[in-house]
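*Asks:* Listed here are the chains, written in short residue letters.
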Amino acid sequence: DAGVTQSPTHLIKTRGQQVTLRCSPKSGHDTVSWYQQALGQGPQFIFQYYEEEERQRGNFPDRFSGHQFPNYSSELNVNALLLGDSALYLCASSLAGEQYFGPGTRLTVT
Amino acid sequence: GIQVEQSPPDLILQEGANSTLRCNFSDSVNNLQWFHQNPWGQLINLFYIPSGTKQNGRLSATTVATERYSLLYISSSQTTDSGVYFCAVTGRGSTLGRLYFGRGTQLTVWP
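So the protein lines, in turn, are chains A and B. Numbers 1210 to 1319, taken from the numbering used here, label the letters of the first sequence in order. Numbers 13 to 123, taken from the numbering used here, label the letters of the second sequence in order.
Hints listed in this document are in silico derivations from the structure and should not be mistaken for laboratory results. For clarity, every value in this text was computed on a predicted model and none was experimentally measured. Keep in mind that a hint or two might mislead.
Unchecked claim - Partner residues are not named here, just some residues of chain A that face chain B (Cβ under 10 Å, in silico):
1) ALA1211
2) GLN1250
3) GLN1253
4) ARG1264
5) PRO1270
6) PHE1273
7) SER1303
Each residue gets a CB set at the ideal place from its N, CA and C atoms; glycine is no exception.
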């Protein structure tokens, strides 16, 4: 049984560019959440998707958007990248309870 | 949102020692999870424990929801226990399902 997978593992982008991160949930899970973890901090909630709709959103600007597909996989898009967007981006999946995390995508903005 | 405070922020142990990590939270919670983050960033599930006590090998956890705290016990620590330990909670109502994390406890175990 595959766990949560994310791609790519690492990514380097330039300020102003756009990026798309991808996540496949654990088998049987229907809810996907995205978190941003800056160096030395705990993960911060970005948003959560359920039934292809954004169900909750944290305190992140509209530059951060997402999508969930019918197979429950999800994408996180970030537009107009800033240096401060450099972080580890974590995806978590769940089925009405315990959340399981993927290995993350480390984004560096130069 | 819910405030989550973890203590101590840093802990250095000799191999074989025991330790207790604490997590305090500011409001009633629906769920509580403990994670271990390895050096590569992977968050590994340790316990899903909204209340009560659970044990898994050398690790155990206790959550006292009415007093808004949880404890993670590590016995006979090993060098492989090193890393950051996070406590995270979900609230009730409109924030159900959203995890609020503490800042973590950085554990270093020396041989």
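*Asks:* Hint by hint, which ones does this structure get wrong, listed from lowest number up?
*Replies:* 1, 5 and 6
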